[in-house]
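Engineer: As they're listed, the protein sequences go chains A and B. Our numbering puts the first residue of the first sequence at 1, with every later residue one more than the last. Our numbering puts the first residue of the second sequence at 1, with every later residue one more than the last.
Hints in this document: simulated from the structure, not taken from any laboratory. For each residue, glycine too, the CB sits at the ideal point set by N, CA and C. Hints may contain errors.
Simulated coverage check for chain B against chain A, where a stretch passes if three residues somewhere in it have a Cβ under 8 angstroms from a Cβ of chain A [said to hold, decoys possible]:
| id | segment |
| --- | --- |
| 1 | 11-18 |
| 2 | 22-30 |
| 3 | 90-96 |
| 4 | 101-114 |
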Amino acid sequence: MRMTLTEKILARHAGKERVEPGELILAKVDLALGNDVTAPIAIRAFRSMGAREVFHRERIALVADHFAPNKDIKSAEQIRIMREFAREAGIANYFEVGRMGIEHVLLPDEGLVVPGDLVIGADSHTCTYGALCAFSTGVGSTDLAAAMFSGEVWLKVPESLRIVLTGKPGKWVEGKDVILHIIGEIGVDGALYRAMEYAGDGISHLSMAWRFTIANMAIEAGAKNGIFPFDAATRDYAEGRGKRGYEVVTADKGARYAEELSVNLSRLEPVVAFPHLPGNARPLSRVGNVPIDQVVVGSCTNGRIEDLRSAAEVVRGRKVHDGVRMLIFPATQEVYLQAMREGLMETFVTAGAAFSTPTCGPCLGGHMGILAAGERAVATTNRNFVGRMGHPESEVYLANPAVAAASAVLGRIGGPDELP
Amino acid sequence: MELRGKAWKYGDDVDTDVIIPARYLNTSDPGELASHCMEDIDRAFASKVSRGDFIVAGKNFGCGSSREHAPIAIKASGASAVIARSFARIFYRNSFNMGLPIFEAPGAVDEIDPGDLLAVDMERGVLRNETKGKEYRVAPVPPFMQELLSAGGLLHYIAKRKKGV
Chain A
1 MRMTLTEKIL ARHAGKERVE PGELILAKVD LALGNDVTAP IAIRAFRSMG
51 AREVFHRERI ALVADHFAPN KDIKSAEQIR IMREFAREAG IANYFEVGRM
101 GIEHVLLPDE GLVVPGDLVI GADSHTCTYG ALCAFSTGVG STDLAAAMFS
151 GEVWLKVPES LRIVLTGKPG KWVEGKDVIL HIIGEIGVDG ALYRAMEYAG
201 DGISHLSMAW RFTIANMAIE AGAKNGIFPF DAATRDYAEG RGKRGYEVVT
251 ADKGARYAEE LSVNLSRLEP VVAFPHLPGN ARPLSRVGNV PIDQVVVGSC
301 TNGRIEDLRS AAEVVRGRKV HDGVRMLIFP ATQEVYLQAM REGLMETFVT
351 AGAAFSTPTC GPCLGGHMGI LAAGERAVAT TNRNFVGRMG HPESEVYLAN
401 PAVAAASAVL GRIGGPDELP
Chain B
1 MELRGKAWKY GDDVDTDVII PARYLNTSDP GELASHCMED IDRAFASKVS
51 RGDFIVAGKN FGCGSSREHA PIAIKASGAS AVIARSFARI FYRNSFNMGL
101 PIFEAPGAVD EIDPGDLLAV DMERGVLRNE TKGKEYRVAP VPPFMQELLS
151 AGGLLHYIAK RKKGV
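So that you can see chain A by itself, here it is in the shape it has in the complex:
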């Protein structure tokens, strides 16, 4: 039988010749991930099973990123549970303040995820690694506990939705706009339980950073995973980084897809998702006059160096609008350093923005940029649910880094071309 990318990777990890959509499998896990919100529950579950040793010390990653640096006493206690467990269990890949980063940028950048992998993480944005032609998906803490113990996970093989990308995106159109456009088209449950598999020659115009952004938000369409084919850009990224060898997986010609969708990248303009769903997408030209109070550039969706470069290019030599607070969150220490070397940090600070240490912080309304009642933010993050960044009566508009930066200067939602 001919298989899709997702089916092929799942079959390999289940020790099977073939798998079919709907089939339940037990699959071997190459890497299991937890963070300071989800790992404490997993650790409790792990211990309640009577488990002492993890299945493999190098195949587990624990990252304190959500409420780190510790935002209050309770989160300090949660992070301590994770830190002590990592020490006791001898977990090699434990990351905290000073060496940490937002998990979904950090782990691939550190070479801990390689093409062809099967990765699960107790964080819904674990689907990010599909950019590397890996299968990765978010699970809960109990699944993480089971995987830390057994090295396996149960999965239902998803149907695949094939998304064919053609054309070349225009100026100021980024990976974020591609995924927001798609979610706007199919809805927040448009890919429910499915794999979103990308294809087409338009992919050659997408940098790895953009592919990470696109795969990252597969969950916002309800998908199990998002996955890109392996090409020269994947190889360039993986070479010299990967901590393990990898196998290149390709989709079979004639594999079965539940549905097919095409997107002509050359026809897209920047997209903004209005409150309170990522699927409320509107082209920038139809946004109207929306004054804002805050701009956040960062997160596992758009906290990479390419994202910071894009935002910096827009604010360089300009000033953040009087009524706006602009916050920049480089996703990892490495991104932070690179931003410093390239002078981006100076650009942001000179423009009147705050430049922070890496954290998930405001994206989930944790800390470092919480909104008051009635306030509006433009964010390069991934969710704009009710109360996501603070007060239940605040609003989040999702956009790409260039639009977010232009909005910070304008004091309302707008694009770089509107700047004087």
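With the hints as your guide, set chain B onto chain A.
Structural biologist: Chain B only, in chain A's frame:
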């Protein structure tokens, strides 16, 4: 086993951020999580919900984050189950792993009003709206999930399997 209680009705795409807002994720204590359950869309829920009640919602219930705090909060609130047109996938698997019963019953949801008295017979796969005097079939639990439930959840299932190897 029969579950019985009244309906708390919500719309489509109820996300994990309203089931349990992230500002409370600095704890994993079930009682504390339950006291904030649903508060961003319904301030009354946590204080007024009675043991056995049902959360009834539209499509894509539990979309968003992978936080197991969401089914934990619902379970600890006293609610017996969630009935929805459809569920987001991580919430779906978390619920089974945690032992929170959830039922897909697209036909029933539209005809349930807030406060209706409902009963679910899990063995027969039947949902009864006692207020309206109507019965519906709920989607059967897949065999593997039944195995999970009968083993007492995922952890026990894995532990058993590991011993057998």
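Engineer: For every hint, state whether the structure bears it out.
Structural biologist: Status of the hints after comparison with the structure:
For the segment 11-18 of chain B, the stated coverage by chain A holds: 4 residues have a C-beta nearer than 8 angstroms to a C-beta of that chain, and at least 3 were required. Chain A is given as covering the segment 22-30 of chain B, and this holds because 6 residues of the stretch bring a CB closer than 8 angstroms to a CB of that chain, at least three being needed. Interface restraint, the segment 90-96 of chain B with chain A: holds (3 residues with C-beta to C-beta distance below 8 angstroms; minimum three). Coverage of the segment 101-114 of chain B by chain A is violated. Counting CB-CB distances below 8 angstroms, 0 residues qualify, and the rule asks for three or more.
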